[in-house]
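Could you build the full structure based on these sequences and the hints that come with them?
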Amino acid sequence: DTAVSQTPKYLVTQMGNDKSIKCEQNLGHDTMYWYKQDSKKFLKIMFSYNNKELIINETVPNRFSPKSPDKAHLNLHINSLELGDSAVYFCASSQGLAGSRGGADTQYFGPGTRLTVL
Amino acid sequence: SQQGEEDPQALSIQEGENATMNCSYKTSINNLQWYRQNSGRGLVHLILIRSNEREKHSGRLRVTLDTSKKSSSLLITASRAADTASYFCATWAGGTSYGKLTFGQGTILTVHP
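Line order of the protein sequences matches chains A and B. Under this note's numbering, the first sequence has 59 at position 59, and the numbering climbs by one with no breaks. Under this note's numbering, the second sequence has 92 at position 92, and the numbering climbs by one with no breaks.
No wet-lab data here; the hints were simulated from the structure. For every residue, glycine included, the Cβ atom is placed at its ideal position computed from N, Cα and C. A couple of the hints might just be wrong.
[Claimed, not checked] Now the in silico label distances, taken between C-beta atoms and shown as ranges: (1) R60(B) / E58(A): 30 to 36 Å; (2) L118(A) / L75(B): 24 to 30 Å; (3) K56(B) / H73(A): 31 to 37 Å; (4) P8(B) / T59(A): 26 to 32 Å; (5) S51(B) / D18(A): 39 to 45 Å; (6) K40(A) / G16(B): 29 to 35 Å; (7) K67(A) / P8(B): 37 to 43 Å; (8) T110(B) / L54(A): 37 to 43 Å; (9) L75(B) / N17(A): 25 to 31 Å.
In structure tokens:
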């Protein structure tokens, strides 16, 4: 049973296309995240949702739009893909919202989606 | 700018040796976490140390935290080939930063059998 799953695992597409990445967690967690890992392995948070409410929205181009239909799912839609969007995108989840219980909760990561924009 | 920076960027050792990785950060933190990433996989949480703690152990892992120097170290004792992975430190600033972990660039550890 996969705790945090993402689809697809690999995504190759042309510049200008629109694509979506899906994420699901079966841990019963309230909080989900999207991270971007670049070619130098630098991992940066993009978004965080808590109980379907947007909590963190880092400086991300508005071509990126997260959608949380329920607290077990957090999808990432990307419009007008650019070469610089090529990266590995990780979804993660945690029990609660860090800070609510005095400390950051452990985050559980999905396997990643490698996006290549040609 | 990047919060956590790891040192060394790459470490190559023989099985059975100890591996030490360091992490430095810039701003005050509430806690610091270490994660492992195997090639082509997501990150796996290893250990969390709070700002009021100086040392923590978990199995073959030992983490230290020096808030005056804004640095942490991860020691893996008696390393195994299966420990080969990238290791990242991540800091949480506390307060209203909620779930925002700030990651370092990682140390690539290679353990030769």
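Evaluated hints:
no.: 1; hint: R60(B) / E58(A): 30 to 36 Å; verdict: holds (35 Å)
no.: 2; hint: L118(A) / L75(B): 24 to 30 Å; verdict: violated (43 Å)
no.: 3; hint: K56(B) / H73(A): 31 to 37 Å; verdict: holds (34 Å)
no.: 4; hint: P8(B) / T59(A): 26 to 32 Å; verdict: holds (30 Å)
no.: 5; hint: S51(B) / D18(A): 39 to 45 Å; verdict: holds (43 Å)
no.: 6; hint: K40(A) / G16(B): 29 to 35 Å; verdict: holds (30 Å)
no.: 7; hint: K67(A) / P8(B): 37 to 43 Å; verdict: holds (40 Å)
no.: 8; hint: T110(B) / L54(A): 37 to 43 Å; verdict: holds (39 Å)
no.: 9; hint: L75(B) / N17(A): 25 to 31 Å; verdict: violated (46 Å)
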